[in-house]
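Generate the whole structure from the sequences, applying the supplied hints.
Here the protein sequences come in this chain order: A and B. Residue numbers for the first sequence follow the numbering used here, beginning at 1 and rising by one. Residue numbers for the second sequence follow the numbering used here, beginning at 1 and rising by one.
No lab work stands behind these hints, which were simulated from the structure alone. Note that beta-carbon positions come from the ideal geometry of N, C-alpha and C, so glycine has one too. Any given hint could be a false lead.
Unchecked claim - Restricting the straight-line Cα-Cα distance to at most 30 Å, the calculated cross-link-like pairs of lysine-lysine (DSSO-like) are:
hint: 1; chain 1: A; residue 1: 159; chain 2: B; residue 2: 580
hint: 2; chain 1: A; residue 1: 164; chain 2: A; residue 2: 580
hint: 3; chain 1: B; residue 1: 127; chain 2: A; residue 2: 245
hint: 4; chain 1: B; residue 1: 591; chain 2: A; residue 2: 171
hint: 5; chain 1: A; residue 1: 245; chain 2: B; residue 2: 159
hint: 6; chain 1: B; residue 1: 145; chain 2: A; residue 2: 580
hint: 7; chain 1: B; residue 1: 159; chain 2: A; residue 2: 274
hint: 8; chain 1: B; residue 1: 275; chain 2: A; residue 2: 159
hint: 9; chain 1: B; residue 1: 149; chain 2: B; residue 2: 274
hint: 10; chain 1: A; residue 1: 376; chain 2: A; residue 2: 37
hint: 11; chain 1: A; residue 1: 169; chain 2: B; residue 2: 591
hint: 12; chain 1: A; residue 1: 253; chain 2: B; residue 2: 167
hint: 13; chain 1: B; residue 1: 127; chain 2: A; residue 2: 244
hint: 14; chain 1: A; residue 1: 376; chain 2: B; residue 2: 149
hint: 15; chain 1: A; residue 1: 171; chain 2: B; residue 2: 245
hint: 16; chain 1: B; residue 1: 244; chain 2: A; residue 2: 169
Said to hold, decoys possible - Chain A stretches covered by chain B per the calculated footprint, using a threshold of three residues with CB under 8 Å from any CB of chain B:
hint: 17; stretch: 129-136
hint: 18; stretch: 157-163
hint: 19; stretch: 282-296
hint: 20; stretch: 304-318
hint: 21; stretch: 329-343
There are 2 protein chains.
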Amino acid sequence: MAERMFKVTFQPEGKSVFVSDGTTIYEAGGEAGIIFKSECGGHGICGSCVVNIMKGDYKQMGSEKFLPEEEINKDSVLACRANIKSDISVEIPISSRLFKLKILTKGIEYKLELNPDIKKIFVNVPKPSLEDQRSDIDRLIDSIKNHIKNPIIQLDVLKILPDKLRKGKFKITVVIEENEIIDIESEDQSDRNYGIAFDIGTTTVVGYLLDLKTGKQLAVSSRTNPQTSCGDDVITRINYANTKKDGLNNLQKQIVSCINDIIIELVNKANIDKKNVYKITTTGNTTMNHLFLGLDPINIAMNPYVGVVRFNMNVRSENLGVNINRYGKVCTMPNIAGFVGGDTVAVILASGMHKSKEIKFAIDIGTNGELVMGNKDRLISCSTAAGPAFEGARIVFGMRASNGAIDIVKIKKNEVEINTIENSKAIGICGTGLIDAVAELRKNGIINDSGKMLKKEELPEYIPDFLKERIVKNEKYGTSFILVDKNNTRTGKDILLTQKDVRETQLAKGAMYAGYNILKKILGIKDEDITEIFIAGAFGNYIRKTQAKCIGLLPDISTEKIKFIGNAAGAGAKMVLLTKELKQEACEISKNTEYIELTVRKDFQDEFMDAMYFPTCKTCT
Amino acid sequence: MAERMFKVTFQPEGKSVFVSDGTTIYEAGGEAGIIFKSECGGHGICGSCVVNIMKGDYKQMGSEKFLPEEEINKDSVLACRANIKSDISVEIPISSRLFKLKILTKGIEYKLELNPDIKKIFVNVPKPSLEDQRSDIDRLIDSIKNHIKNPIIQLDVLKILPDKLRKGKFKITVVIEENEIIDIESEDQSDRNYGIAFDIGTTTVVGYLLDLKTGKQLAVSSRTNPQTSCGDDVITRINYANTKKDGLNNLQKQIVSCINDIIIELVNKANIDKKNVYKITTTGNTTMNHLFLGLDPINIAMNPYVGVVRFNMNVRSENLGVNINRYGKVCTMPNIAGFVGGDTVAVILASGMHKSKEIKFAIDIGTNGELVMGNKDRLISCSTAAGPAFEGARIVFGMRASNGAIDIVKIKKNEVEINTIENSKAIGICGTGLIDAVAELRKNGIINDSGKMLKKEELPEYIPDFLKERIVKNEKYGTSFILVDKNNTRTGKDILLTQKDVRETQLAKGAMYAGYNILKKILGIKDEDITEIFIAGAFGNYIRKTQAKCIGLLPDISTEKIKFIGNAAGAGAKMVLLTKELKQEACEISKNTEYIELTVRKDFQDEFMDAMYFPTCKTCT
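This is the structure:
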C-alpha cells in the first residue's frame, strides 16, 4: 500500500509541502524552510512552537502542559506535538518563528536571531459582563498571558487603558518591553514597530532605524556630535562639564538635541511615525554614556578614573528628553571601566571573542585605543591614550580623513606616489597616510629603528636622489620629508612629514603595542597563541595591514589572521536592539571583562619605551 | 568536673546570659529573649542570623556558604553555626532580628512581625583606588550585597551618588525599597525611617505615622475627605468625575492635598523630617483608590461595574504629588472588584479568615455593606447597597453619629429611655439608635413581622399606655413613634421613628441578610457552620449585637461568636507597611477572593424579599 501523503500549507506565506501521514507540523515546517522558535529542538519540552490549525485533521499530545484547555480547543497546539492526519492549513504566529538575521555594517555581516524585547501584540480582549467583572487591566493581562506572564504597567499607561479598550471596541494592540506593558493602541497596529540604534561617538553620532518586525534597516543618518564645540576629546568635555556653569546640563542637552534631530531625519526618510519608535539603544565610550545620561563624569578624568555606572541603564525616553513614543525606552550599552566603554563591549559582542575557545585580540582605534584580549574563560581590556595622532591631532600637517587628505603614500622606483581623498589637491595628511608615510620611509632607510629621520648628509648612498631631494630641514619640527610640494597643494605650502610627526606616531603606536604586550604577559601567552586579531573602528577599516605591521602598530602576525570588523560599536547597538539575548550577553561581557590600568603597572614604562622602537621589518631592506 | 559556663553579652542592648561551653549564639540569644530572623529555625540553612563577634572566642562551621570569606575573617558569622568558647560579646544587627509587633486599633490587637520593605543600611563603602576601579554604583551594590541582591536604581538617584559618596567620605546610608535603591544619604542616618498608613474613607481620611525601625505608632491624624464637597457617596463622586470639567483631576487634587495636610500634621506632631518618610500605604474602597490614582472610575458605576485596576500599585510619590521623601513610594492596597475594595482586603487580612480552616463571615458596614464568607480554601465576597440608612441617610430624622444624635433607645417597664451623644438635647437619630428603636418596637409588638408599624387602634391590649400615647399619624411618612417630644429636642419638633424609616431599615438589613444567605448557599453551609462573625467599620463597633440580631441585621448566631474588629481597613494599611510578607498576603487575598454580583443572581430578589421580614425574635413577647 502506498504511503499516504498530505499537503501542508503554512500561513501567512501560503507555502506548501507534502509530507507523509503522522509527520509533525514542526518537521513539515522544516521542509518548508520555516524555522520554529524552540529551545528544546522540537521535543515538546519548551512550549515555544505554538501554531494555530486553520483547517484539517491532526492528532496532538502533550500541548496541555503549555497551553490552557480553551486554547487547545481553539486549535492552538505545539507544532512539535501535533501529527498531521489530513491536508492541513497552519498559521504560524510571529511569536513562534525564528528569524535568522544579518546585519551589514561597512560590508561586515553579523548573524543573529530576531527577538527584540519590544513586541506588539494585537489582542481581542473579552468584553466585561455581569458574568465577567474582571478589572480592565486584569482582563488585558489574562488575554496576553501566552505572550507575557505577570507584566508590570506604569500608572500613566494604566490611565489610558479604559478609554483605549472601549474606543477600540476591546480590540487593541499592546506594546510590551521586557516584562512591562509600555503602551496601548487602539485596533491592530502590530505591524508598526520600530527602534533606533545609536552609536554616540566623541566626534560623530550615527543613528540606524530598524524595523523590529523584520530586522530590516530602514534608514541611517549621522551628524557631528555638537559637544565638539565644547572640546574635541573626552577630557576637555569632562573639564567643560566640571568647570562651566551648567556645563553637564549643556552637554547633555546638546547630545539629546542631536539625537532628536537624527530621529526626525530617520523617521522622515523611512516615512514612519515617531510614536511607533518604542526603543533606542545607545553605545559609546564611558564619558559619552555619562554625558548622555546626565551623570557627573568628573571622576572618570581624575585618578583613580572611576565612572558612576558600569551596567546598562534602561530609562524612559521622556526622562532624557528623547522624542520617540511618549512611553518609549532608552537602553544604554553597559561599560567596562572609565576608559573602556560600551563601544568596546560592542566590539567584543560583534567579534564573538567572548564565546571563543581560542585566544583573540581586538583593537578599537579611535581617539583612544581600546584593547581586549582573551577568550570565553578570561577577557582583559585596557585603554591607551593612543589615538589622536591617527586622527590628525598633534601631527604638523595632520587632518581628519576628509576631502584633500593624503591617505596613501607609496615610494616606487622613481617616484613618490600620493593619493588624496576624492583626488583633491592635498591639504594635509590623515591617519592612514601617516602610517603609510612612516612605513615607506622606514622601508627605504630614511627613518631608522629608533625613529630618527636621517638628514640628507646622514643618508646611505643607495638612497635614490628623488628621495634625497625631498629631505629638508624645518626650523621648528626638525628634519622633514616633503610629501607634496607647494605647487601641488591647496595651501600653497609644502606638506611635510616631520621628525615630530614620527615621534608622535611612535608614542601612539608604542602605547598600543605596550598594552598588547602587557595583556599577553598577563594571560601568559605568545603572539602565535593568538588565532585572530580584530580591528574595529572607522579608522581601523582603512589601515593597510602590512604597513601597520611594518611600523609596529600591529604585531607581526600572519596577515590572514587580521580581520576588520567595521563599525562594531554601531553593530553592537543594533544587535542588542534586535535580540534581547544579546543584550544579556552584553551585560555579561561588561561584568566579566577585566580592566587593567596600564599606568599603574610597574612594567608599563619599560614596555612603552621598548615598543616605541620600530621593529626590524621583514620587508625592510 | 563542673561544666564550664560563659557569659554572653548581646549588643547594642547590653543584655547578658550565662551558657555552657559550646552553646550556639543562636541558642544563647533565645535565652536572652532575643529572637533571630530565621527561616530554617537555626539549622544553618537560610543564612539569615548573621552576627558580629566583638570580643571572645568561638568556633564556627558552615558560615562559608552564606558569607564571603572576608566577612568571616572580620568575625561575621551565622549565630546558629557559632559555638561559644569563652566569655563573648556579640552584636546583633537589626537585619538579623525578628521583632514581634502588636498593632492596636480601637482596642483590637494584631500581632505581626516587623519586616518593612523599606530598609536603611549604613555602609562604609571601600574608596576607589588604582587597584579597585569599580564604578561608584558597582562598589555600592557590592557593599550591600548581604542585604540585597542585584538591586535596581533609577537614573535620578544614581545622579546623586558620586557626590553623596565623596561628601560623606564613602560612609553613606542607603534606603532600600523591595529590590530598589530609592535614596542615598550622607553618613549614618539609618535610625530615621518612617512610613505612613492611610485609610482613605469616603467620608474620613486617617493617617498613622509609624516608625519602621520599631513598628511604633508615633502619631495619628484625620480629616474629612474634601471630596465630600463633590458628593457624599461614591456614585455621586463618580458622576462628578465624569460630568464636570476636570472633574477627575479635581477630585484627585483634593484627596492628595488632604493627604499632604495630614502628612504635615503627623510629622509636626512627631517632630520628624518628612524627607525621612519613605513610603505611604493606602487603603480604601475601589472608587477612592481610583480617584487617588487618577484612574477613570466611570465604569465602576455603570453595568457591569468594572474598575481599571484590581492589583496593588506601587508608584513614586512625586508622580501623585504626595509630599514625602522626593524618591518615596506610594503603595495602594489591591481591590477585589468594583464595589469590594482594598478596605475589604484589609478586613480579610486583619481577621485572618483567609488562613482559617473553619468558615468565617465578615461584614463591613459603611455606606455600602461588604460581606465576605469562607475559609482558606475559598473566600466569596459581595457588596450590598445597604448602608446609608445606618449613616442617617434616607431616615426622616436621620443624622450621623455626632453631638445630639440619639444612639441608644430602650423601652423599660414605664418609660422610654433615650441616650444622645454627649447627652446633648436630641437633634436626630443615628445608626445605632435606629437599630435600637426598631428592635425595641419589635420586641414590644408595635412593629410586626412584615415591618408594619401598628396604628394606635391596631395595637394589642397589653401594650402599656405610655407607649400607645407615642404612636401618632404623620401625614407624609405614615404611622410614627415619638422618640423624643418637642419639649425636649433642640429643634423644637418631635423626633419620630416613622413607618418610612422602618421600611428603609428593612431594605438595608434585608440587602445585607440576603447577601449573607446567598453566600451561605454558594458555599453550601448553614448558620451553625460559621464559627466566627467579624464586624468591621467604625459604625460596626457600636452596634449592640442582640439588637442587631433582633432586627435580622446579623444572623441568629451565638453572641460570643460575633467579634468586633474595629477599623480593620486602617489596621490592614499598617500591616502591609510594617511587614512585606503581609503585602504579599494582601495580593493573594485580592487575587483569590471571588466576587458575586448579587443583582444578577436569579435568587436575589426572592432572598431579598424574604430577608426584609423581621425574624421571630426569641426575646420578643
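Go through the numbered hints given earlier and state which of them the structure violates, listing their numbers in rising order.
none
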